[in-house]
Structures are given as C-alpha cells and as structure tokens.
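Asks: The task is simple: from the sequences and hints, build the whole structure.
Sequences listed follow chains A and B, in order. Using this note's numbering, the first residue of the first sequence is number 1, and each one after it goes up by one. Using this note's numbering, the first residue of the second sequence is number 291, and each one after it goes up by one.
Check before you lean on any hint, since a few could be wrong.
Distance ranges between label pairs, derived from CB positions [what the hints assert, rightly or not]:
no. : chain 1 : residue 1 : chain 2 : residue 2 : range
1   : A       : Asn80     : B       : Asn423    : 26 to 36 angstroms
2   : A       : Glu32     : B       : Ser319    : 55 to 65 angstroms
3   : A       : Glu41     : B       : Val429    : 19 to 29 angstroms
4   : B       : Gln442    : A       : Thr68     : 21 to 31 angstroms
5   : B       : Asn423    : A       : Glu32     : 18 to 28 angstroms
6   : A       : Thr68     : B       : Glu316    : 18 to 28 angstroms
7   : A       : Asp34     : B       : Tyr371    : 47 to 57 angstroms
8   : B       : Ala463    : A       : Asn80     : 35 to 45 angstroms
9   : A       : Arg25     : B       : Val429    : 39 to 49 angstroms
10  : B       : Gln432    : A       : Thr68     : 54 to 64 angstroms
11  : A       : Glu41     : B       : Gln442    : 35 to 45 angstroms
12  : B       : Tyr371    : A       : Leu120    : 34 to 44 angstroms
Everything labelled a hint here was simulated from the structure, so no lab data went into it. Nothing here was measured: the structure is a model prediction, and the numbers come from that model. C-beta: ideal position from N, C-alpha, C; glycine also.
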Amino acid sequence: MNCSCSEEKLALFVEDDLPVEEARRVDRHVEECDWCRNACERLRRSQAFFKARLGQSCGDSISPRALTEVRHAVLSQIENPPRFLGLPVRIPRLVWFGYRRNAILFASFAAVLVISIAVLTQLRPPTEAASAVAVFDGKDMLLRPEGYREWVFVGSSLGPHVAGGVGVSTTADKSFGNVYINRSAYREYSQTGKFPEGTMLVLELVSPGQVQVSGAQQSFGKDFVGLEVSVKDSTRFDGSWGFFDFTAEKGAARAQALPESSGCRSCHRQCAETDQVFTQFYPVLKATRA
Amino acid sequence: MATALHATPALMSKLPQHDPTSEAAELVSLVRRTIHGDASAFEQVIARYERRVISLAMKFLGESEDAQDAAQEVFLRAYKYIHRLDLEKPIEPWLMRMTVNVCRDIGRKRQQRRQTFLDTASSEPVASGKASNPYAELVEEQERRMLWKALQDLPEKERIAVILRDIEGMSTADVAVVLESSETTVRSQVSRARVRLRQTIDQMIGGRL
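Replies: So, in structure tokens, the structure goes:
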C-alpha cells in the first residue's frame, strides 16, 4: 500500500471502523509511513476533542419540566383524539390497524364477502316489482304476467266460470277460481282502500277433482284450465280496467283486451263491490279493511 | 393512570439485539397493550425512551423548543405506527430512525426560515459540570457552539451519520439500521464527516491540541 492511502480511510481506521483484514493492512502501512502516521495522530486528537465537547449526553441537561411537558402533550393528544362525525377516530383506527397486521387475512375476508354478496344477489328470486308490472305490446295487447303465484292470494271460489274470450266456449262445469293480486296493489289497497293504477288481478281456473277421504267426499284442485287477467290503467282503457283471457290458446304469451261486448266489464261494473273488483268474495282483501 | 417508570442509565442504554430478559418481554407486553389502545402502557414506553429521544433531538436541533417539539412528534408518530413494529427486533433503532426523520424535517423547515442553530438556541446554557472555572467553562461553551456550527455545515447525511456514530456512540451496523442504509455507505459518510471536522477543528484551535 502506498501513500495514496486516503485520509477518509485513516478516519475509519482510528475509530476501528474498518473491516478486520483491511485494518491489519492499514496498521502495517501506518507503521512504515510517516505521513499516514501523522495523519492518524491528527485525526485521533480531533476525534477526542470532538467527543469531549459534544459527546456528553444532552440527556443530563434535560429538565424534568421539559420531560413532563412532552409527555403530557403526547398523552393528551392520544387520549383526546380528533373526532369525525362525532365518532372518535381511534375506534376505526384500532379495527383497521388490527387487520393491517394480517393484510392477507383481511384481503381474503373482503374478497369472500364481495363474492358472497355477488352470488347471493344472483341467486335470490326475481323481485316482485320486476314481474308484477303490466307489460303491453301496443295499446291493448297484454303480455302474460310471470310469477303471479308468488303474488298475494286473495281468495278462491268454486263454480262455473264464463270465459269472455272470443271463440272460447263457456263452460258450466264448476272450477276453482284462485285469485291473485300484485303485491304493490295489495299494499296500497290495504292502506288506502283503493286500487292504484297498475293493479293486476289474475284469475287462475283449476278443474276440480273428487276424492273420498275418511268416508267423506272431498274436492281438490286438479288441472289448470284457464287464466284471466284484469289490469287497471286509466290511460288505456275506458272505465279504467282492461280484461284479458289467456285461456283460448294454452300457454299464450299475450292476449288482447276483451271488447265491451264480452260481458266481463259490465259484470264487474255492476256486481263487483269495490272499483270493479269482487272484494266481497276475497276474504284476504276484506280483512285489510276490517 | 399507571405510575411511569423512572428512566435509569440502564434503560437509557440500547437493548441488545436479542435480549431475552424480562425487561424485553415487559417492553413487548407494553407495546401489545398500546396497540390495543392502552394509553397508560404507552406512557411507560415514553418514560423508557424520552430522555434518549430528546437527547438525540437536541444533538440535531440544539437546545431549543424545536427539540421538545421533535420529541413530541416522535412519540405521536410512534403511537400512530406502533402496530407496524416488528416485536422480534428492539424498539430503540425504530425510535431513533423516527427521531432522525423528524429532526431532519424540522431542520429543513428551520433552514427555510433562514434560522441557524445559534439563532434559535435556548438562552439556557449546556451544563458543563465545571463550575469552578467560569472562564474555562465559557471557552468550552464557545468551542461547543463552533463545533455545532461545523456540524450544521456538513452535508445532511454526513451530519446525521457522524452524530449517531461518534456522539450517540452507536455502532456502524446500528447506524445503518436507523438510516435504512448499508454499513458501507455509513462508513463512507462518517469518514468524510470526520475529515471535514478535523479540518474545522484544526482551524478553530490553531494547533493548540
């Protein structure tokens, strides 16, 4: 090693900051090099002076009052945290910080939660609102309502039903007539006693069957044989209500409003108790007005 | 509120890397309780390290209110981020690093305000402990101030490294941990600082040594 040995290296050497092997090499060189030896002496004196003046711990001169002030200031801010919307920030911080220690766990939990919500949202049945709105093709062609068996069942009758559709033969045979009303209309009627615009009532005809049970003749619903619908829409129909028969073509997807001559409207207008609805025969609707 | 522990010289020294003593276990317990919102536990943590933090802040910022403000900020940050602390490692380097960063921020702001250490120094002198010779005490005080000024004139990274290594007495490895740097870089910074200080000291005392 020649005297290109830098003063920076010597500055590390005098304080034992060099790696062991390098320190040994420098040590051997310093013994042989006057310049480096003198430089080391100056550095040692400088370091000693520096540490003597500044090396004493300032901690000894810290007043107890200063310590108290710092501690009090810190603790008062911790114990009286800022509030956001009336809630102490500490609460959500602690919850959040607890999960930040297990970031993967928290991320997994969040992912499971999001996926569960998405899956459950897809699995839940269609809302009543989606399927209980009268959908028309044109002015008076009603599309067959879906899911009406999930609406509110308001009553049933047993007797001959006269279908009003053109080309459909009347039948004197008794049949069960199960009547459903869409939920929104049911809620409105139960609260106000009035049927709102958009009320839909479905009459599903079911042929009766007979059976002997414990020696007694019992009747039961057997086959679906007819479907009729009434819709309240003052903008489309004179007299507010339109009547539709889906029976003529089994499984018909749409039906045109029955004409005045069909007799449905006149019968409903004359004999129905409330706004062309036979509420007198529907105990569930009667109960809402009790 | 729990009674705070008195700082003792033993507590003021840094804890070994893997101190299996009950003291280290107690500290871990205090940290865990702090994370769960126990302010009294954190008060005990403050009591253990307040002198060390304030002392270091004073070395960076002088004996001014800035050092107290820095210490306050350090402990507030410590409380805020204590959940990030690796309980397998000693807390002191973590606090020291925080102190360095806070003092660095305050120092920069002070520089922007064009204030120097001498301008903001408290009127309260540093006790030298040599009350028998007032003249010598004044000379030492003057020398001390000049050395602090020389430190302030160093590049920031060199200043911080040499304060931690030569004044705080931390090892090169510990300094590297605090500064989140490498030992090679720390040696380089420290060596340059020592050479500059040597030149300043030579000019200051004119070969009196």
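Asks: Are A:Thr68 and B:Glu316 spaced within 18 to 28 angstroms by their CB atoms?
Replies: 23 angstroms, holds
Asks: Within 54 to 64 angstroms or not, the Cβ separation of B:Gln432 and A:Thr68?
Replies: Once the Cβ atoms are compared, 31 angstroms apart, the range 54 to 64 angstroms for A:Thr68 and B:Gln432 is violated.
Asks: Quick one: are B:Tyr371 and A:Leu120 within 34 to 44 angstroms, going by C-beta?
Replies: 38 angstroms, holds
Asks: Taking the beta carbons of A:Arg25 and B:Val429, is their distance inside 39 to 49 angstroms?
Replies: Hint holds: Cβ distance 40 angstroms, inside 39 to 49 angstroms.
Asks: The hint says 21 to 31 angstroms between B:Gln442 and A:Thr68; measuring C-beta to C-beta, is that right?
Replies: 29 angstroms Cβ-Cβ, so the 21 to 31 angstroms window holds.
Asks: Holds or violated: 26 to 36 angstroms for the Cβ distance of A:Asn80 and B:Asn423?
Replies: 49 angstroms, violated
Asks: Does the Cβ pair A:Glu41, B:Gln442 satisfy 35 to 45 angstroms?
Replies: Violated, at about 27 angstroms.
Asks: Range hint 19 to 29 angstroms: satisfied by the CB atoms of A:Glu41 and B:Val429?
Replies: 23 angstroms, holds
Asks: Taking the Cβ atom of A:Glu32 and the Cβ atom of B:Ser319, is their distance within the range 55 to 65 angstroms?
Replies: Cβ of A:Glu32 to Cβ of B:Ser319: about 57 angstroms, so the range 55 to 65 angstroms holds.
Asks: Just tell me: holds or violated, for the beta carbon distance of B:Asn423 and A:Glu32 against 18 to 28 angstroms?
Replies: 43 angstroms, violated
Asks: Verify the CB-CB distance for A:Asp34 and B:Tyr371 against the hinted window 47 to 57 angstroms.
Replies: Distance hint for A:Asp34, B:Tyr371 holds at roughly 53 angstroms.
Asks: I want to verify a distance hint. Is the separation of the beta carbons of B:Ala463 and A:Asn80 within 35 to 45 angstroms?
Replies: 40 angstroms, holds
Hint compliance for this structure: hints 1, 5, 10, 11 are not met, and every other hint is.
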